[in-house]
Amino acid sequence: MDLKDKLISSFMAFENNVDVDHPVHEVRMEAMKNFEIKGFPSKKEEAWKYTSLNSLQKVDFSIFPKELNALEYKEVKKYFINEIDTYKIVFIDGIFSSNLSETTHDGVDICLMSSALNKPMYKQIIDVYFNKVASKDESLTTLNTAFSKEGAYIYIPKNKMPKKPIEIVHFATGTEASLMLQPRNLIIVEENAEVQIIERHQSLTSNEVLTNCVTEIFAAKSSIVDYYKVQNDAANASLIDNTYVDQKDKSDVKFHTFSFGGKLTRNNLNFYQNGEYLDSTMKGVTILGDKQHVDHHTLVHHIEPNCESHQDYKGIYGDSSTGVFNGKIIVEKLAQKTNAFQQNNNILISDKASINTKPQLEIFADDVKCSHGCTIGQLDEDALFYLQSRGIPKKEARALLMYAFANNVLESVRIPELKTRINKLIANKLGVNLGFDL
Amino acid sequence: MAYTEEELKKELETKEYEYGFYTDIESDTFPIGLNEDIVRAISKKKNEPEWMTDWRIEAYRVWEKMEEPEWANVHYTKPDFQAISYYSAPKKNDPNKSLDDVDPELLEMYKKLGISVDEQKKLQNVAVDIVVDSVSVATTFKKTLGEKGIIFMPISEAIQEHPELVKKYMGSIVPTTDNFYAALNSAVFTDGSFCYIPKGVRCPMELSTYFRINQAGTGQFERTLVIADEGSYVSYLEGCTAPSRDENQLHAAVVELIALDDAEIKYSTVQNWFPGNKEGKGGVYNFVTKRALCEKNAKVSWTQVETGSAVTWKYPSCILKGDNSIGEFYSIAVTNNYQQADTGTKMIHLGKNTRSTIISKGISAGKSQNSYRGLVQINSRADNARNFSQCDSLLMGNECGAHTFPYIEAKNKTAQIEHEATTSKIGEDQIFYCNQRGIPTEKAIALIVNGFSKEVLNKLPMEFAVEAQKLLEISLEGSVG
Chain A
1 MDLKDKLISS FMAFENNVDV DHPVHEVRME AMKNFEIKGF PSKKEEAWKY
51 TSLNSLQKVD FSIFPKELNA LEYKEVKKYF INEIDTYKIV FIDGIFSSNL
101 SETTHDGVDI CLMSSALNKP MYKQIIDVYF NKVASKDESL TTLNTAFSKE
151 GAYIYIPKNK MPKKPIEIVH FATGTEASLM LQPRNLIIVE ENAEVQIIER
201 HQSLTSNEVL TNCVTEIFAA KSSIVDYYKV QNDAANASLI DNTYVDQKDK
251 SDVKFHTFSF GGKLTRNNLN FYQNGEYLDS TMKGVTILGD KQHVDHHTLV
301 HHIEPNCESH QDYKGIYGDS STGVFNGKII VEKLAQKTNA FQQNNNILIS
351 DKASINTKPQ LEIFADDVKC SHGCTIGQLD EDALFYLQSR GIPKKEARAL
401 LMYAFANNVL ESVRIPELKT RINKLIANKL GVNLGFDL
Chain B
1 MAYTEEELKK ELETKEYEYG FYTDIESDTF PIGLNEDIVR AISKKKNEPE
51 WMTDWRIEAY RVWEKMEEPE WANVHYTKPD FQAISYYSAP KKNDPNKSLD
101 DVDPELLEMY KKLGISVDEQ KKLQNVAVDI VVDSVSVATT FKKTLGEKGI
151 IFMPISEAIQ EHPELVKKYM GSIVPTTDNF YAALNSAVFT DGSFCYIPKG
201 VRCPMELSTY FRINQAGTGQ FERTLVIADE GSYVSYLEGC TAPSRDENQL
251 HAAVVELIAL DDAEIKYSTV QNWFPGNKEG KGGVYNFVTK RALCEKNAKV
301 SWTQVETGSA VTWKYPSCIL KGDNSIGEFY SIAVTNNYQQ ADTGTKMIHL
351 GKNTRSTIIS KGISAGKSQN SYRGLVQINS RADNARNFSQ CDSLLMGNEC
401 GAHTFPYIEA KNKTAQIEHE ATTSKIGEDQ IFYCNQRGIP TEKAIALIVN
451 GFSKEVLNKL PMEFAVEAQK LLEISLEGSV G
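Top line first, the protein sequences correspond to chains A and B. Throughout the first sequence, residue numbering follows our numbering, covering 1 to 438 in sequence. Throughout the second sequence, residue numbering follows our numbering, covering 1 to 481 in sequence.
Here chain B stands alone, though its shape is the one from the complex (with noise of 0.2 angstroms):
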């Protein structure tokens, strides 16, 4: 039987945040606030050298002085930055762990979750460091890796075993003085991942970690580094569901690429942090500072799914150096009831013979607002570069508002760059053409969204498309009719 519009509206109201449990774990957890003490704490805690400890203390100093952005086009109340607190890592761990160690409690929230690490280290192929508020409690697949001379470990311990890489590395794109967010990072992020793949080596799984926020009132601070040496190839997958709060959670992550010489980074993410509930009450706030830095002919591809996040504030960006160098975005960002996305990337075009694709879709839906935010520079020296820029929009209600703020900057003349942008709403004739050949009206929207979509789901791997195209579908069910 088919629904009608008012039922599914009811239904989906009603639907709770599927992933909305806690899970209750013994947390060791740093009292609220911030200030040069509790980050040399948290350094302390981690063990970490001299240098880290300054590092942090130059960027604490830094944020200190600086003032919340206020230019993108979302509106929340700020987060009181001294009601958090800053280390929340999960007791009871030990450095010298094996899966069987990991807390059976956790294990269980995994689950739920649908990654449960032992069966999925088997039948995914896919090496899973798990990041639980912070800090890393399960690395598989490290072995494998390792044969290679591939490093993927949580930062923390990246910091004692390979100083050298990362000292070289950290910062080298986000600097701590790059935004507000991005400094408030680097002052306090308690754990994150670090990868590395030798020359020439192709990595053989794709790599992938998986974020949740779990204790109330931490903001999560993460960090990641992945650096592809000439030649190498890698493809990493960041996927993020938290429990539902009511209080509003910080999530200021910053993560690094660099691809050396001929190298390739492909970076995928599904992002489905708590949205608040149908009030627009709670939800997670997503400030997030992206960036790659693209050597002689490298390739650095960002694939994003967002779905999830009360506010949403980030743009994966690519910094175009080396000649011949090819950045590439692919996203789409869903927002639903009070939900608010401001979101796209940035090309900066430096080296001869450069190219960037943009395929931005935005989805809105209920009261929610959803702009697509970018920049494409090309720099004087940037001979023959190239750009294509597509940003369509999809509008579902008229509660809702789409925005594009494309900003496009040409200093060469050998520049080529195209830009298109399209808003539109499902058709009436395209939902009557499906009921008439007897496709429910729900499905049909399943049916068009992922048309409109494709474009950008096909990037995914496969195991991620599967999942996405489903968060598609809860995020969007019976919000229109």
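With the rest of the complex left out, here is chain A (with noise of 0.2 angstroms):
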């Protein structure tokens, strides 16, 4: 039995665990319905040109973990920013870990999508946003919509901005030889309210995990959003992650991405600006090395007048890994004034390894400014040579001029500690200690 079979029979099975006269169920049906007629996509289609899920297919996943399986927080300690107080929501195979966690319902909510789906006093919030800005079309989304149950749920009022950041880890412990997991976050951020999330998938184990997320985030007027996303799983993980941001009348909201780890790796952003004077900002660094892929899409739809949208991504692939950019900019007639960047820098430093590369601009309004610029190239020769007669040995030198490749992308990161994580990350992943921090 192939996946998509699995996953359609083992709905049965799934809504014998959920409340199936809450209206969220509709919409779950209807969901499933639409994943029943398209499947998992194939390498036909244009969005998937580059990134195949047949072996994925292939692996007989566990759609439900059996049991919970309990975690010190002394064993998982390095997977949390624990140089900082922060809130955190952790999931071990899926299911809410109370011990490892810290909510709080103090002026804002963090907390459980299980709860806002079943408490009564969230009803009217999931009518007006839950599945609102998620695609009701694209396959993988919606397959996440139906089995949706569990998640994160955040909640900022107006004016309010929660005390400190707030962590969300996935947690993979590897009970079942093969695990999918469907976690499904919603982010409501109020009127002139703040956040700052830092959300990481881990595998503890090298058992293969599929996680299929989505994140639906709604930043209203003048609410800033800061998303940040630490991918540095396990060699046997997968994540396809699919996140919808609506924006209204200036807001803020930038998302930066690291790829380090994983298997194979897909990030569809989406961003749609219902709204004007509104930023949104993606960045991201992805450094690879393995077989590992990693396939980032973005798309930023402007809908409406004087927008700005920036991305900037690079890439540094080794080994035999491959990398793939999609950016997709559509700017409406009525989206006048927009100002659209993009920008998406590579370097190969393997002979194996593959980029593809396909930034897209789609305008229909004349009165904007749209760019966008990509390169392919290599290390500057000179300037290895220039550091290397300085007494710099050539690994480190190398290394050097990844950092500064890399640098602008973690300029931006408004968590100091974060930042110095994201360094040692590098480090580790480039194999080098250069003994400082940039």
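Because the hints were derived from the structure by calculation, they are not lab data. We put the CB at the ideal spot given by N, CA and C, even for glycine. Treat the hints loosely; a few may be bogus.
What the hints assert, rightly or not - Cβ-to-Cβ under 7 angstroms is the rule here; a few derived chain A residues that face chain B:
hint	residue
1	Ser-135
2	Tyr-272
3	Ser-350
4	Asn-423
5	Ala-427
To be verified - List time: in silico DSS-like cross-link candidates among lysine-lysine, alpha-carbon distance up to 25 angstroms:
hint	chain 1	residue 1	chain 2	residue 2
6	A	Lys-333	B	Lys-281
7	A	Lys-78	A	Lys-132
8	A	Lys-369	B	Lys-367
9	A	Lys-337	B	Lys-425
Once you've looked at the hints, go ahead and assemble the two chains, each given alone in its own frame, into the complex.
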């Protein structure tokens, strides 16, 4: 039985565990119908031209983990930004772990999707926001919608800001030979509110894990959202991340994606600008080795006038790794005075590595400034020689240049401890110790 | 007196297609529809050898199984391939004709187009192989070229006279199975140009062909094959105008260029098929497959100015097979009213030290859609490959669209690729600056557009550059204020 059939038959078992009378279940059933028709995307589809899910579909994934595996904080401390105090929403094999988490209802709601779906007090918000910006058409998103039950739920009311950043961490412990997870997050940031979120998926074993995650973010007028995705998973873990952002007037949403690990990572970042004078930023650093594959798919849909978007993705590809960047900018007829910028720079450091990039502009308005730039190249030989002539060994010299290359993206990380952590991850990935942090 | 914007708009909207006249020539036209018998009949009519007939039949069988491609960013009513007549040749066609034998009515038609054959022959120093409705009726300068050993003739004659060359190269770059329209063309092409430049010869003049679609309801399927042997050089011009017609006409050409070691081919196109009227009615469908193969140290340069056609679907490509080979693509695509263009290039780097340059300028006005779609592919053995691409779009008015779809695939770590794209409009301050200095708005726009496209216009041969510049102005006048 292939994965699609298994998922379809699992849906009935899933229905036994959720409230089928809740209006959300209608949404789930609708989504399931769509997935049944569409199935997994194939390479024939333009959006999946360079990323194949064939091998993943052959794995016999468990859809529901059988038992809860407890973890001690000290075992997994290193996966948190433990230098600072944070709110934590932690899941182990898809199940909420109350002893690792630190949630709150004090002025802001930082809790669980399951409670938001079940408790009547949240019903109104769920009615207004759930599955409103996520695609009802894209097959993997609808697959997640069909099985949506658990995940992070964050609600920041007007003029509020949580006291500390929020960490959302998903652990996979390997109780199953292979596990499929489908977390569903809903994040609502009301007018003038602000939030910082760090998200991480971490497998603790060498067993196969596939995560198909959907996050919906609603950024109301003048809100600020800072979102960091740290992707440094184990070698047998695959991640398909679908993020949908709905932005209103004057809001500012920034995404930083750091992709260093995992077997296959696909990031679908979709921004819908439903307001004026707002700003969307997407930045990413990708450093890959072995046979890793990372695919960044971004979409910025400029719907209203006077908005900006900035994209900056840097990639370094070694060994037999493959990278994909597909950045799409749509400027609607109404969206005059749009400024949309996109930059994608890549370095190939191995003969077997490859990169496919496709920046895409679709522009229907005339008074706009849009540009995209894309380069593929190598480290500057002269710069390398300069560093070596000053006594810096070749390996370190190369690492220094790569640091410099990625630094544009790191500069705008606003949590210093996170920045230090990312620097360490980069040093690790490049296999050097420079003895200082940039 | 300066025009007001309104007046200009009015004038332009009512401006009919300048070359929209219809010459009444008795044509020898096949019944409409397409089947194996029609393919055989075309082949027979052309007196073709058996291998050619078989080749066509094979292509037809492949085509039958293919589906029309839908990936391009264009929307149109699909042509009914069974409602087209696949052969239309002007009558009174004599293989041993000279210029004097050419139908006077035809000559009149060329005069209207501004290319009277006899005059041009002497003044322009251009050898023209004129194609009217698929059959080549006049070839000039054949003798001068013959002395150098250059073969320049209709492809139907080349099939008779130089079968060894045609057999070897035709379909070698664009195989019959390549795509839907290439397969269709391979099955039913009626004529086109054939050009062979021998080893080490530098072609002394610009070779040129001139295509027109004349007979209503006839599709034009021409086939061009240019072979530049080792160390040779040729500059080839292709220009198009078509008379005004209400129903959509199909144009599905195939162009194959072969540049052997150290050879250089420069291929320039000015395309001005009927774009349809201001309501988007009528116009030519232009679905063209153009591809070049570069051997060692060879260079192929595509230059195109696309102002016509209701729907354009065209990607002149270079396969950089030999080491140190160079591919270039310079393009200006202008769309106005309801025109749609999806055009660009493919640069396939296979050899070492291969270089490619892409400069694409898109100008959209009215309600038109203009897309750049390109592929730069560096294969794993192509060490030190270099590519520079630049796609700029200029938008005029807020009802048009400009799109870019560049695909970049690198499989070699020594590759150096740069890609830049910008979209902008003509700034009010730029116009104001010109106005201030006494330049009327209309002229100012022409000035700015010319500046915008200069990089590409500069690549055209002299005679073409003037014509192209004029075309740009005609296509865009008054589309903004």
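Against the structure, the hints:
no., hint, in the structure
1, Ser-135, "violated (21 angstroms)"
2, Tyr-272, "violated (19 angstroms)"
3, Ser-350, "holds (6 angstroms)"
4, Asn-423, "violated (25 angstroms)"
5, Ala-427, "violated (22 angstroms)"
6, Lys-333(A) x Lys-281(B), "holds (24 angstroms)"
7, Lys-78(A) x Lys-132(A), "violated (36 angstroms)"
8, Lys-369(A) x Lys-367(B), "holds (20 angstroms)"
9, Lys-337(A) x Lys-425(B), "holds (11 angstroms)"
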